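> Each chain, letter by letter, is given below.
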Amino acid sequence: MTDKIPVTVLTGYLGAGKTTLLNRILSEPHGKKYAVIVNEFGEIGIDNELIVGADEEVFEMNNGCICCTVRGDLIRIIDGLMRRKGKFDAIIVETTGLADPAPVAQTFFVDEAVGRRTRLDAVVAVADAKWLKDRLKDAPEAKNQIAFADVILVNKTDLVTPEELREIEMRVRAINPYARLHRTQRCSVPLGDVLARNAFDLERILDLEPAFLGSDGGAHHPDHGRDGAHAHHHDGMAHYHDEEIQSVSLRTEEPLDPDKFFPWVQDLVAKDGPSILRCKGILAFQGDPQRFVFQGIHMILDGDHQRPWREDEKRESRIVFIGRNLPEENIRRGFAACQV
Amino acid sequence: MTDADTASLTERTRAIVPGGLVAAVHFLKDTAAFVLGEAALLLAAPNREQRRVAIHDGGILAAACDGQRLVTGGDDGKVMATDAGADSTIVAVDPKRRWIDQVAIGSGAVAWSAGRQVFVKTAKSEERTTDVPSSAGGLAFAPKGFRLAIAHYNGATLWFPNAAAAPERLEWKGSHLAVTFSPDGKFLVTAMQEPMLHGWRLADAKHMRMAGYAAKVRSLDWTADGDWLATGGSNQLILWPFAGKDGPLGKMPRMLAPAQGLAVEVACHPRQPVVAVGFADGLVLLVRLDDGAEIVARRPGAAPVSALAWNATGSLLAFGTEDGEAGIVDLG
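Line by line, the protein sequences are chains P and Z.
Residues in the first sequence are numbered from 1 upward in steps of one, following the working numbering.
Residues in the second sequence are numbered from 1 upward in steps of one, following the working numbering.
Hints listed in this document are in silico derivations from the structure and should not be mistaken for laboratory results.
It cannot be assumed that every hint is accurate.
[What the hints assert, rightly or not] Once the Cα atoms are required to be at most 16 Å apart in a straight line, the calculated EDC-like pairs of lysine to aspartate or glutamate come out as:
id, chain 1, residue 1, chain 2, residue 2
1, P, K87, Z, E171
2, Z, K173, P, E316
3, P, K85, Z, D323
4, P, K87, Z, D323
5, Z, K186, Z, D227
6, Z, K206, Z, E171
7, Z, K96, P, D3
8, Z, K216, P, E112
9, Z, K216, P, D79
10, P, K85, P, D3
Because the structure is a prediction, the values reported are computed rather than measured.
Using the sequences provided together with the hints, build the complete structure.
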């Protein structure tokens with residue numbers, strides 16, 4: 001587990017600043033070596049022998065799961081990179097501005113050889129503070145990237161007013177309330193906030209709770225801006241709802257029945273997987289001294305016992321689904337029926 | 001076969017220290033050529049001499065061998081050919097320095113691919129190229145006639161590099177990786193991204209689905225008589241029957257040598273009905289097809305077997321592992 005190579009996926013619409021972030025990662029003196037998988041050769045100004053060009057070949061899997069897609073080129077490239085294991089500490093995958101992050105992320109769960117040797121660390125989205133609002137209207141890809149991300153950089157904040165910035169952050173939060181959000185100019189962010197996040201590590205799901213908690217999926221979460229300006233969005237500010245992508249957040253202090261919960265959630269992702277982009281949860285099962293954590297991408301679910309519940313801890317189950325036109329009432333009813 | 005057989009075999013193993021992951025192994029005459037993950041080959045000659053031959057400036061991504069020449073493709077964009085005397089020549093350098101993903105050798109020609117582009121250098125050193133719809137997952141020359149099979153997404157392409165005609169396309173949904181012709185040239189089989197094989201009977205493009213695997217199949221090899229296709233991808237050796245004109249259509253595979261670990265590498269003995277099987281736990285077994293008898297050729301180790309090959313007479317079996325252990329078993 002520990003010797004798996006961490007992989008960071010960089011997404012972001014055209015011109016948002018992915019290449020700027022990549023150049024920072026490669027040029028800052030952190031003593032780490034990165035293998036970088038890019039789509040456009042030549043944009044990277046840094047000399048790095050482990051830069052590989054990718055083709056973004058998205059392959060459907062013949063497993064009866066319509067949204068189960070993988071990046072075939074990535075499987076091949078990672079297999080090739082692993083021939084040189086020891087020459088790099090981590091892998092960064094840059095995706096094109098129009099890319100859907102799901103096939104990249106799913107590759108790490110679907111391909112056994114890739115999953116055995118690498119682990120998805122986090123999906124990082126770079127968003128352009130000035131243009132994101134427009135892109136969210138006209139580019140479904142941009143919205144997908146925000147919804148999917150574990151870490152979001154709202155970049156080019158110097159090009160907008162504080163009011164505009166607050167508005168764009170609320171729009172981002174309306175789509176994805178649990179990602180870590182950072183305000184940046186020229187993608188200037190401590191690299192520890194972007195790399196080695198362990199966002200896909202079930203052991204670390206707890207880390208996401210401050211932004212992850214909350215019942216309305218709305219804009220009332222403190223963000224985690226590094227500038228100290230915690231934007232508690234004040235009363236009177238517009239409460240944004242995205243018409244298309246929402247999060248459904250569920251919680252209960254009633255213990256769950258695993259014999260009801262697992263069939264329900266498996267059936268849910270089997271039916272609504274195409275519209276569910278991400279899900280995460282911490283669960284308290286009846287008679288189970290351990291916390292159960294899980295996360296998923298579309299139809300793929302990954303879960304395990306994490307650790308015993310502590311004495312001083314409220315035994316509460318919490319789940320978030322982020323997706324497109326989610327059947328919220330169905331989900332709420334189904335979840336309620338899983339309680340003992 | 002008895003424990004005494006096993007003891008004698010493991011005693012007759014010459015340990016090799018390649019110094020890194022063994023990506024593949026092939027025999028150049030009776031010299032074992034261990035293809036390392038990076039930069040070099042390690043040639044282990046029968047007189048126990050060892051030579052490290054630096055051939056690539058980076059990772060070695062693919063290798064193929066006809067017993068005389070070992071062809072390798074690297075992430076330095078080079079295609080190299082090396083003989084038993086450690087003489088290496090450049091077959092080609094990709095003008096854009098793209099990764100050379102796949103290589104094949106046959107009919108005196110060499111084939112390689114970089115992404116969607118596939119190249120052949122003929123025996124007369126003429127270069128030909130064709131494009132496939134997605135990156136090539138595997139290449140194989142037909143046993144007869146100058147023809148190359150290219151596996152890719154949603155099927156395979158059959159290309160006569162010397163013919164002007166458009167390549168023939170065999171369709172089947174999904175991502176096709178390793179590819180192999182049956183020794184009689186009647187069937188083409190691919191290993192897929194999913195844990196299954198797909199086959200076509202070339203006379204009528206009839207489909208054959210070979211499923212039931214536990215994992216992606218990474219290794220395929222034909223028995224000496226061509227009657228069986230041996231594969232890894234399961235916790236035992238899987239053998240598909242190809243003796244009849246219908247191949248494995250409507251037939252069950254034979255399953256031999258059930259084991260704890262996943263069978264990852266297979267290599268058929270070049271003369272006898274015996275298959276060497278390398279497992280994910282490092283075990284190497286010799287399996288006799290007549291009666292299913294097994295002999296341990298290498299005991300389990302710390303890492304999966306990643307390379308396995310016989311010399312042309314079947315007197316030597318070379319193996320290598322992901323953590324850089326290797327050896328040559330002398331059965332002569």
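> Honestly, which of those hints from before does the structure not fit?
1, 2 and 7
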